[in-house]
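Student: Here's the letter readout for the chains.
Protein chains: 2
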Amino acid sequence: LASGTFSEVRQVLNNLPGAEAAHLIESSPPREREILWQLLNQEQETEVLQYLGEEVRVELLRDLPTEELVELIEDLDTDDLADLLQELPEQVTSRVLAGLDAQNRERLEQVMNYPEDTAGGLMNTDVITVRPEITFSVVQRYLRRLGDIPKTTDNLLVVNRKNQFVGVLPLTRVLISDPGTSVREAMITDVEAIPATQDAHEVAKLFERLDLVTAPVVDDNGMLVGRITIDDVVDVIMEEAEHSLMGMAGLDEDEDTFGSVWHTVRRRALWLGINLLTALAASAVISLFEDTLEKVVALAVLMPIVASMGGIAGSQTLTLVIRAMALGQVQAGNTRYLLTKELAVGALNGLLWALVIGATAALWFDDPSLGVIIGCAMILNLVVAAGAGALIPMVMKRMGIDPALAGSVVLTTVTDIVGFMAFLGLATLLYANLVV
Amino acid sequence: LASGTFSEVRQVLNNLPGAEAAHLIESSPPREREILWQLLNQEQETEVLQYLGEEVRVELLRDLPTEELVELIEDLDTDDLADLLQELPEQVTSRVLAGLDAQNRERLEQVMNYPEDTAGGLMNTDVITVRPEITFSVVQRYLRRLGDIPKTTDNLLVVNRKNQFVGVLPLTRVLISDPGTSVREAMITDVEAIPATQDAHEVAKLFERLDLVTAPVVDDNGMLVGRITIDDVVDVIMEEAEHSLMGMAGLDEDEDTFGSVWHTVRRRALWLGINLLTALAASAVISLFEDTLEKVVALAVLMPIVASMGGIAGSQTLTLVIRAMALGQVQAGNTRYLLTKELAVGALNGLLWALVIGATAALWFDDPSLGVIIGCAMILNLVVAAGAGALIPMVMKRMGIDPALAGSVVLTTVTDIVGFMAFLGLATLLYANLVV
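Listed in order, the protein sequences are those of chains C and E.
With positions in the first sequence counted from 1, the corresponding number in the working numbering is that position plus 45.
With positions in the second sequence counted from 1, the corresponding number in the working numbering is that position plus 45.
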């Protein structure tokens with residue numbers, strides 16, 4: 046990029062598929078992004094816009110004059126448009142809404158009624174509906190007159206006179222059945238429509254379990270309001286996965302890899318600050334045992350081992366339980382089994398590594414009692430780590446805290462404090478008896 | 046479950062949708078799983094089997110007699126069946142193959158030619174093909190005669206006489222176009238078929254970027270061999286996400302939440318063992334400074350803070366870079382920008398928290414030089430952590446090591462060693478001068 050002339054870059058960029066061009070823009074540092082965006086022609090801008098991440102999209106569009114903005118975004122899918130408008134400043138939103146034609150505005154307002162992470166916020170309003178009483182030859186005539194079936198349409202949606210959802214009619218049935226068949230005879234009625242208020246996470250689970258491609262969305266009165274397509278569900282799944290992964294490191298899933306330094310520093314500082322507090326708590330525990338440490342300096346050498354092993358073992362349990370909860374596998378009936386199993390695993394692994402580290406420590410410092418101390422502390426900390434790893438996410442969920450975000454900090458605090466306390470406490474007891 | 050009689054449970058279980066029943070079985074401890082599985086009638090067993098996770102599926106099927114097995118699994122999708130057979134013992138596989146009818150066997154062998162994580166391993170062979178020269182009325186007659194269009198079919202696939210892929214024909218076009226239209230006129234030819242050897246990760250990216258529902262798969266000679274459907278791609282996306290998340294904690298993404306204790310202990314012990322080695326390395330570093338620690342016990346109290354902050358900051362960078370690499374955002378052109386940005390973020394956050402912890406330490410132990418030491422060590426370790434967090438995954442990728450699995454161990458080793466070395470080393474230098 047740096048070496049080519051602008052006109053060359055412009056030509057290449059405008060001939061790329063929209064998704065590729067968007068990918069290129071997202072992989073560039075902020076300044077180059079602006080330049081690349083300026084080089085796009087209008088048609089390509091509309092195309093690229095559909096594929097850009099939310100944060101980058103808002104950044105690029107914020108400063109555009111309203112008219113240009115309206116022109117650019119009116120072809121976006123209703124759900125994308127709704128998400129975008131919710132990110133833009135209030136006065137821009139109202140001006141954009143005023144600039145849209147009546148039909149688009151009505152559709153958009155319907156989607157914007159629902160929060161972004163519900164079925165209503167995910168849906169599109171480009172549904173094709175038919176009545177149960179008509180025959181397939183009428184359906185086919187209707188479709189020919191429409192001339193254009195929206196992308197990712199596998200079913201026509203059947204509604205009654207009140208626009209209430211009654212069933213789906215797969216397009217494949219229209220193709221293979223006799224033209225005299227009525228919609229009522231061929232439609233599938235044991236399909237549950239998704240309530241518009243349902244959580245996006247539940248929607249994704251439903252799509253995954255039933256291998257759906259599209260699903261109808263209804264409001265509280267059973268009226269059809271839109272449909273959800275699998276591509277939007279894939280986005281939900283990917284966002285959730287990123288949330289779990291990034292949350293473990295205290296990052297937001299929208300974190301922009303190539304964002305500016307200053308922005309990034311502020312975002313991450315909070316997490317480091319929280320961690321500093323927990324590290325200070327661990328230090329406070331250590332400082333209780335200053336006298337013992339002064340006498341036996343080997344303790345200072347070995348003490349990080351116990352804390353570190355606890356942290357690792359605990360985070361294995363924590364990760365497993367968080368995943369199982371996300372998959373909906375943890376229920377009242379199996380919680381006790383899961384907890385018992387993890388405690389047993391912790392105890393057995395604690396025993397194994399207690400023997401190894403106990404022997405190592407005893408030989409290294411030529412002090413058998415040191416081996417006993419670190420071994421006992423190890424078993425204790427690994428059992429506590431397993432229990433904490435299993436219980437923390439369950440308790441947090443009940444308290445409405447997101448365990449993917451806060452779980453690992455709390456866990457490390459527990460394993461550090463217990464690790465230091467057990468090791469140095471045992472040492473203090475034992476050496477006090479031996480020395481005195 | 047525990048309270049109900051078997052016959053009650055049997056009735057409920059056999060009337061649940063397959064996906065729900067499978068979910069119930071997966072959420073149960075091993076012994077209950079066996080019982081639940083025994084209670085299913087054969088029809089439901091086939092249904093449930095489709096939705097069970099790989100590890101659980103193999104566990105339940107391993108001990109069945111071959112005939113029963115064949116009967117049970119011959120209705121599975123070809124790709125699922127191929128995956129399953131690859132997990133079963135060799136002699137079972139060959140007996141199952143022998144038990145299948147010729148057409149199924151041929152299809153299956155085609156899929157089993159390709160590794161599970163390639164397009165060929167993901168594909169199904171249930172394609173409907175048409176020739177370019179026929180008209181839509183012939184197509185529609187053909188579909189009516191077939192009577193059954195496989196689930197998730199949005200396109201017919203157009204092939205020439207040699208069975209080479211030439212284009213796709215959306216079913217919607219067949220519906221809305223004049224019956225006299227020929228396939229050639231209406232088909233879409235600027236669709237690229239996926240090579241059977243392509244990596245599953247690349248396939249998923251393609252589906253996500255282009256919002257595909259299905260895609261044709263071809264062999265080296267351009268011959269159509271099958272098609273990939275979005276539901277299998279969703280599974281790939283979810284498995285990859287789990288791999289990243291679980292890998293960070295040293296867990297396998299197939300780890301069975303309700304697996305047996307003994308099995309789990311063995312799986313996790315390795316990871317703890319590796320961690321013990323790195324913790325011992327950190328201890329070895331500390332032991333270099335035993336003399337200094339003996340003189341200034343406050344150092345032992347504070348030293349975990351520097352290491353811990355480095356670990357957190359480093360894992361933020363590491364997670365971000367691993368995600369960016371998975372999304373294909375890291376290229377030769379922007380590596381330097383990314384590294385510079387992360388180093389700058391590390392330095393600025395280092396400076397900020399160095400001031401905070403420096404002041405805290407100086408006040409706590411009433412020793413300004415201790416504040417200076419910990420502050421300097423903090424800045425140094427956070428910059429090193431940022432550099433290591435960015436470089437480790439890049440280097441590992443070039444060496445063919447999976448950074449999601451090994452990245453965090455190596456990173457923590459670096460930040461621990463540098464943290465202890467910097468803090469205790471600086472202290473040794475400074476106190477030696479002050480005391481002597």
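Just so you know, the hints here were simulated from the structure itself, not pulled from any lab data.
Since the model is a prediction, treat every value here as computed from it, not as a measurement.
Incorrect hints may have been included.
If chains are identical, the list can't say which one is meant, so a pair holds when it fits in one copy or spans any two.
Below, a list of computed lysine to any residue pairs in the SDA-like style, where the Cα atoms sit at most 20 Å apart [said to hold, decoys possible]:
| id | residue 1 | residue 2 |
| --- | --- | --- |
| 1 | K196 | A231 |
| 2 | K250 | L69 |
| 3 | K250 | Q376 |
| 4 | K250 | A64 |
| 5 | K207 | E135 |
| 6 | K340 | L85 |
| 7 | K442 | V101 |
| 8 | K442 | T138 |
Student: Does each hint hold? Answer for all of them.
Tutor: Here is how each hint holds up against the structure:
{"no.": "1", "hint": "K196 with A231", "verdict": "between (23 Å within a copy, 16 Å between copies)"}
{"no.": "2", "hint": "K250 with L69", "verdict": "between (31 Å within a copy, 14 Å between copies)"}
{"no.": "3", "hint": "K250 with Q376", "verdict": "within (16 Å within a copy, 34 Å between copies)"}
{"no.": "4", "hint": "K250 with A64", "verdict": "between (26 Å within a copy, 11 Å between copies)"}
{"no.": "5", "hint": "K207 with E135", "verdict": "neither (35 Å within a copy, 59 Å between copies)"}
{"no.": "6", "hint": "K340 with L85", "verdict": "neither (71 Å within a copy, 66 Å between copies)"}
{"no.": "7", "hint": "K442 with V101", "verdict": "neither (31 Å within a copy, 27 Å between copies)"}
{"no.": "8", "hint": "K442 with T138", "verdict": "neither (35 Å within a copy, 44 Å between copies)"}
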